[in-house]
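Top line first, the protein sequences correspond to chains A and B. Basically the working numbering = 1-based index in the first sequence + 269. Basically the working numbering = 1-based index in the second sequence + 9.
Any given hint could turn out to be false.
As the list claims (entries may be wrong) - Going by beta-carbon spacing under 7 angstroms, a handful of chain B positions derived as facing chain A:
no. : residue
1   : Gly68
2   : Leu107
3   : Ser111
To be verified - Using C-beta positions, here's what the derived DEER-type ranges look like:
no. : chain 1 : residue 1 : chain 2 : residue 2 : range
4   : B       : Ser35     : A       : Ser335    : 28 to 34 angstroms
5   : B       : Lys76     : A       : Ser287    : 40 to 46 angstroms
6   : B       : Glu14     : A       : Ser327    : 18 to 24 angstroms
7   : B       : Gln116    : A       : Gln328    : 30 to 36 angstroms
8   : A       : Pro350    : B       : Pro23     : 48 to 54 angstroms
These are calculated hints, taken from the structure and not from any lab test. What you are looking at is a predicted structure, and each value in this text was computed from that prediction instead of being measured. Cβ atoms here follow ideal geometry from the backbone N, Cα and C, with glycine treated the same way.
If you want the building blocks of each chain, they are given just below.
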Amino acid sequence: EAGVAQSPRYKIIEKRQSVAFWCNPISGHATLYWYQQILGQGPKLLIQFQNNGVVDDSQLPKDRFSAERLKGVDSTLKIQPAKLEDSAVYLCASGTGISEAFFGQGTRLTVV
Amino acid sequence: QKEVEQNSGPLSVPEGAIASLNCTYSDRGSQSFFWYRQYSGKSPELIMSIYSNGDKEDGRFTAQLNKASQYVSLLIRDSQPSDSATYLCAVGEGRRALTFGSGTRLQVQP
Numbered sequence: 270e271a272g273v274a275q276s277p278r279y280k281i282i283e284k285r286q287s288v289a290f291w292c293n294p295i296s297g298h299a300t301l302y303w304y305q306q307i308l309g310q311g312p313k314l315l316i317q318f319q320n321n322g323v324v325d326d327s328q329l330p331k332d333r334f335s336a337e338r339l340k341g342v343d344s345t346l347k348i349q350p351a352k353l354e355d356s357a358v359y360l361c362a363s364g365t366g367i368s369e370a371f372f373g374q375g376t377r378l379t380v381v
Numbered sequence: 010q011k012e013v014e015q016n017s018g019p020l021s022v023p024e025g026a027i028a029s030l031n032c033t034y035s036d037r038g039s040q041s042f043f044w045y046r047q048y049s050g051k052s053p054e055l056i057m058s059i060y061s062n063g064d065k066e067d068g069r070f071t072a073q074l075n076k077a078s079q080y081v082s083l084l085i086r087d088s089q090p091s092d093s094a095t096y097l098c099a100v101g102e103g104r105r106a107l108t109f110g111s112g113t114r115l116q117v118q119p
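Extracted from the complex, chain B is given alone in its bound form (with noise of 0.2 angstroms):
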């Protein structure tokens, strides 16, 4: 059985502070890696995804991955509170259906 660890959180940080998440997976045939926001009583939106080891920047996002050691980040720089939100990391392998973790709860305190 897949699997993909999230901390719950929450994860409280200030207004511009960099916020890190952390995703840890079993599987060490995973290809793809994604990241999902999810605000309360919404469903996911994708914001990021990375297929390679390294990094990957698209705004205020950075995904982080090191398939030696089955992790991912997201960093997000100049946090927000319209950041808070619970963010989902996604993980794929050829055309299977992506398998979810539990989502970590992202505060950004104004």
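Next comes chain A alone, as it looks inside the complex (with noise of 0.2 angstroms):
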């Protein structure tokens, strides 16, 4: 069974640019999350997906952030413009809504 499939792995931006991360979860998974990993920390929820709807977003910076999950499968997770404390891994993951999630390898984003 194919994992929770994620690109870019490292990203490189200025401060004030935009970037774009993309997740593809394992196949049949209804539920989607983006987490925010800052270093040193567990990983913190940005938003929760149940097929195409919203969950929870409500620790969603969203003046900056934003994300969508087009047909329920796929989803984007957008910064626009970054910060420096943006500088995290992002991490997709996916499961049944009831139980464990499972992770995908993760975007490394620096913010110089």
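Hints are included, so try docking the two chains, each in its own frame, into the full complex.
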């Protein structure tokens, strides 16, 4: 079974630029999550989708972050404009929604 | 705000010893509990799940849950250097996303 796919693996951008990350979940998983993991911390939820609807985006900084999940499969997370404090690993995960979550390899973002 | 607390470590144990990792959580409504292992530079990997009070064993790993004390633990028997990683405790409730602790760094000394 193929796992969660994410791209790119690494991205370096200057502050105030924009960036987008892509995620393809495990086939059949209705729930998709985007987490942000800052070095030395645990993953922090940014947004949770159930199919193509948003379940929880309470911790998403909506002035600069946006996410969508068209057709209930792939998802993109965008940051515009980026700040230095956005430097982190962005993890996409998927699951059935009632149990565990399975993570992709993550995208390491460096904002300079 | 739900909280999941873990000692950041590092927890250092000799090879072959038992490593004991602990986690407490604040939300009494939590229903599902998970341990993830995260190697440096890699993403979290699920190693154990537990849903009811008591112990659950899987190979060298044992997860323990005490809902009354809001306490979850992970025991790793016969620790190996390859077990050196950060262990993340995660807590879930219904269809809500998992809440993660900050992780405990385990070092197994050869």
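Results for each hint:
Because the smallest distance between the Cβ of glycine 68 of chain B and any Cβ of chain A comes to about 17 angstroms, over 7 angstroms, the interface hint for this residue is violated. For leucine 107 of chain B, the suggested interface contact is upheld, since its CB lies about 6 angstroms from the closest CB of chain A, less than 7 angstroms. The beta carbon of serine 111 of chain B is positioned within 7 angstroms of a beta carbon in chain A (closest approach about 5 angstroms), and the interface hint is therefore held. Taking the beta carbon of each, serine 35 of chain B and serine 335 of chain A are about 30 angstroms apart, inside 28 to 34 angstroms as hinted.
For the hinted restraint 40 to 46 angstroms between lysine 76 of chain B and serine 287 of chain A, the CB-CB distance of approximately 45 angstroms keeps it satisfied. Distance hint check for glutamate 14 of chain B and serine 327 of chain A: the Cβ-Cβ separation is about 21 angstroms, which falls inside the suggested range of 18 to 24 angstroms. Judged by the Cβ atoms, the range 30 to 36 angstroms given for glutamine 116 of chain B and glutamine 328 of chain A holds: they are separated by roughly 32 angstroms. In this structure the supplied range 48 to 54 angstroms holds for proline 350 of chain A paired with proline 23 of chain B, their Cβ-Cβ distance being about 50 angstroms.
This entry does not satisfy hint 1, going by the numbered hints stated previously; all others are met.
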